[in-house]
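Peer 1: What follows is each chain in one-letter form.
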Amino acid sequence: MQLFSQLLQNKKATVGVTILAIIILVAIFAPFLSEYSPTQRVGRPHQAPSLEHWLGTTRLGHDVFTRLIYGARVSLAVGFGAGLMITLIGTVLGIIAGYKGGVIDEIINFFTNLVLVIPNLPLLLVIAAFVGQASPPVIAVILGLTSWAWGVRVTRSETLSIRQRDYVKSAEMLGEPSWRIMAFEIFPNLISIVGINFIGSVIFAVITEATLEFLGLGDPNTVSWGIMLYNAQNASALSVGAWWDLLSPCFALALLGLSLALINFAIDEVANPRLRTGGMLGRWTRMVRAGEGKL
Amino acid sequence: MAFLLRRVVFYLAAFIAAATINFFLPRLMPGDPVQIMFAGAGSNLSMENLNALKLTFGFIDAPIGQQYLAYLQSVFTGDLGRSVKYFPLPVTELLARALVWTVGLVGSATIVSFILGTLLGVMAAWRRGTLFDSVVSLLSIFSSSVPAVVISLTMLFVFGYSLGWFPNGYAADPMLDPAFGWSYISSVIHHGALPMFTMVIVLTGGFAVTMRNNMINLLGDDYIVMGRAKGLSENHVMLWYAARNALLPTVSALAISIGTILGGSLVTEVVFNYPGLGNMLYQAILARDYPVIQGQLLIMTAAMLVSNFVVDLSYVLLDPRLKKA
Chain A
1 MQLFSQLLQN KKATVGVTIL AIIILVAIFA PFLSEYSPTQ RVGRPHQAPS
51 LEHWLGTTRL GHDVFTRLIY GARVSLAVGF GAGLMITLIG TVLGIIAGYK
101 GGVIDEIINF FTNLVLVIPN LPLLLVIAAF VGQASPPVIA VILGLTSWAW
151 GVRVTRSETL SIRQRDYVKS AEMLGEPSWR IMAFEIFPNL ISIVGINFIG
201 SVIFAVITEA TLEFLGLGDP NTVSWGIMLY NAQNASALSV GAWWDLLSPC
251 FALALLGLSL ALINFAIDEV ANPRLRTGGM LGRWTRMVRA GEGKL
Chain B
296 MAFLLRRVVF YLAAFIAAAT INFFLPRLMP GDPVQIMFAG AGSNLSMENL
346 NALKLTFGFI DAPIGQQYLA YLQSVFTGDL GRSVKYFPLP VTELLARALV
396 WTVGLVGSAT IVSFILGTLL GVMAAWRRGT LFDSVVSLLS IFSSSVPAVV
446 ISLTMLFVFG YSLGWFPNGY AADPMLDPAF GWSYISSVIH HGALPMFTMV
496 IVLTGGFAVT MRNNMINLLG DDYIVMGRAK GLSENHVMLW YAARNALLPT
546 VSALAISIGT ILGGSLVTEV VFNYPGLGNM LYQAILARDY PVIQGQLLIM
596 TAAMLVSNFV VDLSYVLLDP RLKKA
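These protein sequence lines are chains A and B, in that order.
Using this note's numbering, the first residue of the first sequence is number 1, and each one after it goes up by one.
Using this note's numbering, the first residue of the second sequence is number 296, and each one after it goes up by one.
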């Protein structure tokens, strides 16, 4: 809880959470924000931004703004869905490997290192190509199943050091079952690492979904930012001067990524006070005096 | 020595794992993948070409175990089958042709951004809390969270289309004869500059923040105080006491990120229509040219493993403790 109250005071976190909240609200209330349908022709091809079409129209005469706010739903759903899966697998395997040790650790560690040296995007390209026209939920599952290795590595090494602490030893002495120790003694102490892993995985999933769709591996009928990029690129939007078609999803992706990254950097700063900028020594002294030195 | 040997065995296992994924994926597809590809490619392949295609995926009249061994054998002898789109051409030849451009682009961008990022990180850590540090932090937040495709498209829009400073595609002027004359070389540099600069923007922030955090974590250590106490200049302590020790984890971060770097280059090449692996792969995806898509996974994995091995070697050189282990 201390982590959260400190996050509230962090400037980066405030900015990040605000932007993210706006994007989530826009995605939820998309039907109220636009009179158009995202999949219907509502204007002439490649109309420039105007009062009628705030961000212009695509080559097929779709309203760009409408597609953008509906597309936010897909990016958020894939990002958080895949992020949750990646974090869940990574955290569970990492804690088990770090706490159990022995053969279990060696097996998990071996597979983790194996997955880490096989380049991620090329692997995803091959899988998505064989799946063929992958829809957003399918992309989310593929991402979840292939991208957990980094989380395992980080969680495992942290678990290794926590395992030696007194409270874990005493729980063992009391004969608590190992799942209980892992869930209630170790996991709560990993919360900042799990948080960073989660937000990082969401960023990764948002970026990778858009990239796969941009490269032509997505389902072209989806309304998402990646498919918008793909369509705009195919319609040579830049060379015919229809920059709004291409730059709108670019801006949206950058904004979502930046908001998440700001939150992540804030968690990192709160959890690892040495990284903090701005009068570091002064803040340390204040924290120690206020009895907040231990995190 | 034992350390390096263990690594080589591990890398071999990793490469076999990638090949295994390639072997089983077509077999997990519903229906006969070769038939689907045959229909999907819309090409006029003859029956004997169909057989050549089947061989590419290791479909021979034998039990699956034998198929697998035959597939591994062909992969390890450098035979990745034939492309569907450019039919008689072997995948290896197609990829090798494209790889030259990618290596040039990725290599130069990685070197520039690693040096630049490391220096920025060192100085940001040394002057932490100042405006300079904040700018570096912002830069790294930016490049770690904004997709490479977004940065590439924006750069192309601004410097390619709007300002017209750089060409919008190809690795060189297609009118020029690719001989080693100055006009050809300058054309290559002019065409490569924007994609390279884009990749530098994508990569520098990550290196900077890794280095900055590594530095900060050891700034309180005794040997830093010792360096200062000896009366050495600030710059000397910064570079030869702090940065030198913070460099080790940064180098290993570089090895792990080679895969991401190659992934980023795929996207940049597609956007800039640059004739490297990325663009070749994009064409393959559009044509559902599966052998090429599979071939790039093996090439990329090999590149990743080799660069990891190089880092292992440099570790042995940089960290004397490992020589004994």
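I should point out that these hints are in silico values taken from the structure, not numbers from a laboratory.
For glycine and all other residues, C-beta sits at the position ideal for the given N, C-alpha and C.
Warning: the hint list may mix true and false statements.
Unchecked claim - Label pairs and their computed distance ranges (CB to CB): (1) B:Asp517 x A:Ile22: 39 to 49 Å; (2) A:Gly132 x B:Ala365: 23 to 33 Å; (3) B:Ala548 x A:Phe184: 10 to 20 Å.
Peer 1: Does each hint fit the structure? Answer for all of them.
Peer 2: A quick look at each hint next to the structure:
no.: 1; hint: B:Asp517 x A:Ile22: 39 to 49 Å; in the structure: holds, 48 Å
no.: 2; hint: A:Gly132 x B:Ala365: 23 to 33 Å; in the structure: holds, 26 Å
no.: 3; hint: B:Ala548 x A:Phe184: 10 to 20 Å; in the structure: violated, 33 Å
The structure fails hint 3 only (numbered hints given earlier).
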